[in-house]
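When you get a sec, could you build the whole thing from the sequences and use the hints?
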Amino acid sequence: MSPKRYLKLLKIKVGLMLCKKNYCNSRFKKFGFWLTCLLGRRQSGQNRYRRGLIDKTLFIKKDKKDIMLVQVYVDDIIFDSTKNSWCDEFEALMKNMFQMSSMGELTFFLELQVKQKEDGIFINHDKYVAEILKKFDFLSVKTASTPIETKKPLVKDEEAADVDVHLYRSMIGSLMYLTASSPNIMYAVCACSRSLYLKESAFDLEAYSDNDYVRANLDRKSTTG
Numbered sequence: 007m008s009p010k011r012y013l014k015l016l017k018i019k020v021g022l023m024l025c026k027k028n029y030c031n032s033r034f035k036k037f038g039f040w041l042t043c044l045l046g047r048r049q050s051g052q053n054r055y056r057r058g059l060i061d062k063t064l065f066i067k068k069d070k071k072d073i074m075l076v077q078v079y080v081d082d083i084i085f086d087s088t089k090n091s092w093c094d095e096f097e098a099l100m101k102n103m104f105q106m107s108s109m110g111e112l113t114f115f116l117e118l119q120v121k122q123k124e125d126g127i128f129i130n131h132d133k134y135v136a137e138i139l140k141k142f143d144f145l146s147v148k149t150a151s152t153p154i155e156t157k158k159p160l161v162k163d164e165e166a167a168d169v170d171v172h173l174y175r176s177m178i179g180s181l182m183y184l185t186a187s188s189p190n191i192m193y194a195v196c197a198c199s200r201s202l203y204l205k206e207s208a209f210d211l212e213a214y215s216d217n218d219y220v221r222a223n224l225d226r227k228s229t230t231g
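In case it helps, my numbering puts the sequence shown at residues 7 to 231.
Don't take each hint at face value.
With a Cα cut of at most 25 Å, we get these calculated DMTMM-like pairs of lysine to aspartate or glutamate [claimed, not checked]:
(1) Lys123 - Glu111
(2) Lys133 - Asp143
(3) Lys121 - Asp61
(4) Lys123 - Glu97
(5) Lys158 - Asp168
(6) Lys89 - Asp143
(7) Lys89 - Asp72
(8) Lys121 - Asp72
(9) Lys140 - Glu155
(10) Lys71 - Glu117
(11) Lys68 - Asp125
Calculated directly from the structure, the hints in this document are not laboratory data.
Since this is a predicted model, take the numbers as computed values, not measurements.
Shown next as structure tokens:
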């Protein structure tokens, strides 16, 4: 969908489906067939889905009155629609093609807590916040009304002891993920992230791959990890 547009849903039904991780080749073939169906090569008319222009794992089906959204993340699927029958049809299709379990109404996904009410859908990170406070031993510190002081700029303290670089990076990374539901801390987190790496510091990028070439005994296929 265009980033300049938005959708107002009059009613919504959200669900979460989980696939078992013990896939085999036939499962992937079925997934490819399912993907072909979603993109409309084997369906016609209002049954066709189209892929999102920005997020290629988002599939959209709509007509003049209703819309269906299917979001795929690894082996999890979130879907919602303004038409309940579309959700039921999609769930039946998935269960018919894969070993899947329906988790019902979406309440928790990727550390995000989701609460659905009549006046809207509310997303928060309460559980995640409690986890990172405990992880970095900040449960007993005093709270602040603002995420950063407005009159005191962040400057280097020449007299202070050096901090643990790995701990600092871990803190900033945890807070970066938190900005998804708390945009009010974005400026403060980005200001602190400027000190993640010194401008002159060396940067090494290392990549590892565990694979073999045509080693499978049954079909002589390669395996990549």
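Results for each hint:
A distance of roughly 12 Å separates the Cα atoms of lysine 123 and glutamate 111; the hinted pair therefore holds under the 25 Å criterion. Using a Cα cut-off of 25 Å, the hinted pair lysine 133 and aspartate 143 holds, with the two alpha carbons roughly 15 Å apart. The straight-line distance between the Cα atoms of lysine 121 and aspartate 61 is roughly 24 Å, inside the 25 Å bound, and the hint therefore holds. The straight-line distance between the Cα atoms of lysine 123 and glutamate 97 is roughly 23 Å, inside the 25 Å bound, and the hint therefore holds.
Restraint check for lysine 158 and aspartate 168: the C-alpha separation of about 21 Å stays at or below 25 Å, so the hint holds. Proximity of lysine 89 to aspartate 143 is assessed by CA-CA distance (about 46 Å); at most 25 Å being required, the pair is judged violated. Proximity of lysine 89 to aspartate 72 is assessed by CA-CA distance (about 6 Å); at most 25 Å being required, the pair is judged to hold. Of the supplied pair hints, the one linking lysine 121 and aspartate 72 holds, its CA atoms being roughly 23 Å apart against a limit of 25 Å.
Restraint check: the Cα-Cα separation between lysine 140 and glutamate 155 comes to about 24 Å, which is no more than 25 Å; the hinted pair holds. Only pairs whose Cα atoms come within 25 Å are accepted, and lysine 71 paired with glutamate 117 is rejected, the gap being roughly 33 Å. About 23 Å separates the Cα atoms of lysine 68 and aspartate 125, which keeps this hinted pair within 25 Å; it holds.
Checked against the numbered hints listed earlier, the structure breaks hints 6, 10; every other hint is satisfied.
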